[in-house]
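Top line first, the protein sequences correspond to chains A and B.
Take 1 as the starting number for the first sequence in this note's numbering and just add one per residue.
Take 1 as the starting number for the second sequence in this note's numbering and just add one per residue.
Hints were generated in silico from the structure; no laboratory data involved.
Each hint should be verified, as a subset may be incorrect.
[Said to hold, decoys possible] Facing chain B, from chain A, some residues (calculated, C-beta under 7 Å):
{"no.": "1", "residue": "Arg8"}
{"no.": "2", "residue": "Lys11"}
{"no.": "3", "residue": "Ser97"}
{"no.": "4", "residue": "Pro98"}
{"no.": "5", "residue": "Ala99"}
{"no.": "6", "residue": "Leu100"}
Glycine included, each C-beta is placed from N, C-alpha and C at the ideal position.
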Amino acid sequence: MAGGLPRRIIKETQRLMQEPVPGINAIPDEQNARYFHVVVAGPEGSPYENGVFKLELFLPEEYPMSAPKVRFMTKIYHPNIDKVGRICLDILKDKWSPALQIRTVLLSIQALLSAPNPDDPLANDVAEQWKTNEAKAIDTARQWTRMYADSN
Amino acid sequence: MDSEDEMNYDEEEEDSQEEDSNDEDFVDIAMEPEPSTASDSRETEDFQYEVLTADKIVHVMVECIKEVNAVVQIPATITRILLNHFRWDKEKLMERYYDGDQDSLFSEAHVVSPYRKDPRQKRSTRGSTSASTSESMCEICCLVIPHTDMAGLECGHKFCFQCWTDYLTSKIINEGMGQTISCAAYGCDILVDDVTVMDLIKDAKVRLKYQHLITNSFVECNRLLRWCPAPDCGHVIKVKHYDVKPVRCTCGHTFCFACGENWHDPVKCIWLKRWIKKCDDDSETSNWIAANTKECPKCHVIIEKDGGCNHMVCKNQNCKADFCWVCLGPWEPHGSSWYNCNKFDEDEAKKARDSQEKSRCQLQRYLFYCNRYMNHMQSLKFENKLYQAVKLKMEEMQQHSMSWIEVQFLKVAVDVLCSCRQTLMYTYVFAFYLSKNNQSIIFEDNQKDLEHATEQLSEYLERDITSELLVDIKQKVQDKYRYCESRRKVLLDHVHEGYERDTWDYQDGL
Numbered sequence: 001m002a003g004g005l006p007r008r009i010i011k012e013t014q015r016l017m018q019e020p021v022p023g024i025n026a027i028p029d030e031q032n033a034r035y036f037h038v039v040v041a042g043p044e045g046s047p048y049e050n051g052v053f054k055l056e057l058f059l060p061e062e063y064p065m066s067a068p069k070v071r072f073m074t075k076i077y078h079p080n081i082d083k084v085g086r087i088c089l090d091i092l093k094d095k096w097s098p099a100l101q102i103r104t105v106l107l108s109i110q111a112l113l114s115a116p117n118p119d120d121p122l123a124n125d126v127a128e129q130w131k132t133n134e135a136k137a138i139d140t141a142r143q144w145t146r147m148y149a150d151s152n
Numbered sequence: 001m002d003s004e005d006e007m008n009y010d011e012e013e014e015d016s017q018e019e020d021s022n023d024e025d026f027v028d029i030a031m032e033p034e035p036s037t038a039s040d041s042r043e044t045e046d047f048q049y050e051v052l053t054a055d056k057i058v059h060v061m062v063e064c065i066k067e068v069n070a071v072v073q074i075p076a077t078i079t080r081i082l083l084n085h086f087r088w089d090k091e092k093l094m095e096r097y098y099d100g101d102q103d104s105l106f107s108e109a110h111v112v113s114p115y116r117k118d119p120r121q122k123r124s125t126r127g128s129t130s131a132s133t134s135e136s137m138c139e140i141c142c143l144v145i146p147h148t149d150m151a152g153l154e155c156g157h158k159f160c161f162q163c164w165t166d167y168l169t170s171k172i173i174n175e176g177m178g179q180t181i182s183c184a185a186y187g188c189d190i191l192v193d194d195v196t197v198m199d200l201i202k203d204a205k206v207r208l209k210y211q212h213l214i215t216n217s218f219v220e221c222n223r224l225l226r227w228c229p230a231p232d233c234g235h236v237i238k239v240k241h242y243d244v245k246p247v248r249c250t251c252g253h254t255f256c257f258a259c260g261e262n263w264h265d266p267v268k269c270i271w272l273k274r275w276i277k278k279c280d281d282d283s284e285t286s287n288w289i290a291a292n293t294k295e296c297p298k299c300h301v302i303i304e305k306d307g308g309c310n311h312m313v314c315k316n317q318n319c320k321a322d323f324c325w326v327c328l329g330p331w332e333p334h335g336s337s338w339y340n341c342n343k344f345d346e347d348e349a350k351k352a353r354d355s356q357e358k359s360r361c362q363l364q365r366y367l368f369y370c371n372r373y374m375n376h377m378q379s380l381k382f383e384n385k386l387y388q389a390v391k392l393k394m395e396e397m398q399q400h401s402m403s404w405i406e407v408q409f410l411k412v413a414v415d416v417l418c419s420c421r422q423t424l425m426y427t428y429v430f431a432f433y434l435s436k437n438n439q440s441i442i443f444e445d446n447q448k449d450l451e452h453a454t455e456q457l458s459e460y461l462e463r464d465i466t467s468e469l470l471v472d473i474k475q476k477v478q479d480k481y482r483y484c485e486s487r488r489k490v491l492l493d494h495v496h497e498g499y500e501r502d503t504w505d506y507q508d509g510l
């Protein structure tokens, strides 16, 4: 797309800036309008509460025919997110639809923080802990949030 | 019987003409100047088949759908999806259709029930469509598009033509999906039917790929159809009845209809399959290990001898056993007056050597057949070069008093040479699995005759062709290829007869 940014991306970016989703902040990079710096607040009532998680989001050439690429930059203890921040989420893979948007993707990621799914794990050790001793797993997640995702 | 006319395709006619021409002095005019396997017509003459192009396969598939539709009477696009869901088993579909819960059948197959009342209206409130205007925003590209330029499936999700085209192209080309592409809306699993795809996709390459993808399951589920295995060939061979027979695609590739490998008479599909697997995998590595190495008698680690001294010290740090390479007994007595390695201990030696002897022998046997098989395969590849040399020679001969028809014998000779090489190649696979009996001795004689004659023919064509006496060459070459062809036939007939009478014994455990 040497001819510039598709209208779809321009519109989405405008809307993200004008009507931001509560708890989510996505700002396009100054050099590259397809690269977004994302900050997601840990949802209330989850072990990630009060945490601030940095993510990167990239819209590939084929977007919206293929899904955006999203990765956690902040370390997080979660059964569906691995050591390097890769996320196991169906809509980022086979369930992607071009009718989905950056906004909906980020909302889904936020929802994933509220509802971890240890039955479809990416980080096996974390998932194991989550299944055998949930209280301890949640405790670790809280600890990690304090350690790595402190808002200050 | 119009069906017979339908199946009588060009290929057979061409072959039988070649066959006839072999009995005459001059080659038939109708013979094609392109390479073809000579006179396999005997094998194919009672075997009827058709070569189908991509469009024709779709046509055959549509016929099959129509047949079902005549009974169930629902839109053809839905029938196709249902048939695919049941792996093209018509009976199974009918059974489910009339026995069970139709609604669950439709949802299982991811289609909207054709009996549902006005689904479009029901769903039209979804998305950013406002019913009052004649335009709305396409959810994918975010452009405002007139309704006339938007499309959707029965589920009611509408997107603009361009986005649909991009979406479908991406699914077809990048993800290789055909049958299973669903609506572009999130969470909607309604499948896109073939008519919609063909309406929206204009690019010929994408259309062809899509046709291939949607017909793939139809072809693979159908015993009477097989894709031509040649690279990038999208044709399908359709036979009247399933059999182990050679078929020739319009792309020129000849293969076995039953297994898809190159035509491999006289060896059977199952043996060829085992042979190819044997050649491909590492089973011979283990034979080599068995033949060239010994195991440490104490810890059983595998050892290859790399020096002359027979006093072995196992390098396994936990073992360090001292033993004699020759007798595999402990080294201790060898250094003393108890040395008796020279004395043959019947029982001990037999046990130790037998297994090694056996794998060494097996390896040699395999290499024997494999070498010959590979050699004919290699020669066969070189014969393609021969076609060019022969073509030049034919042109040259035409400048010397011979007519076009008169020089065609050379091309026929190369055809015969190729088919003999191919047959010979597979005789070694056959022989590899064969146990010795009276019939196998006859077979080996036939093989010897054919191989001998084939090598002579090959030599004539590669060397003697340069001789000045054209009439001489012609006589020699013609005599030889006729002889080769007859020997090839004798060999094949003998093997087939053996199959029928069950006179072949096979080696176990290869």
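Going down the list of hints, with the structure as the test:
Because the beta carbon of Arg8/A sits about 5 Å from the nearest beta carbon in chain B, less than 7 Å, this interface hint is met. Interface hint status for Lys11/A: upheld, as the beta-carbon distance to the closest one in chain B is roughly 4 Å, under 7 Å. About 4 Å separates the beta-carbon of Ser97/A from the nearest beta-carbon of chain B, less than 7 Å, and the hint is met. Against a cut-off of 7 Å between C-beta atoms, the interface hint on Pro98/A holds, since the closest Cβ of chain B lies about 5 Å away.
With its C-beta approaching chain B no nearer than about 5 Å, Ala99/A sits inside the 7 Å limit, and its interface hint holds. Given hint, Leu100/A at the interface with chain B, holds; its Cβ is 5 Å from that chain's nearest Cβ, closer than 7 Å.
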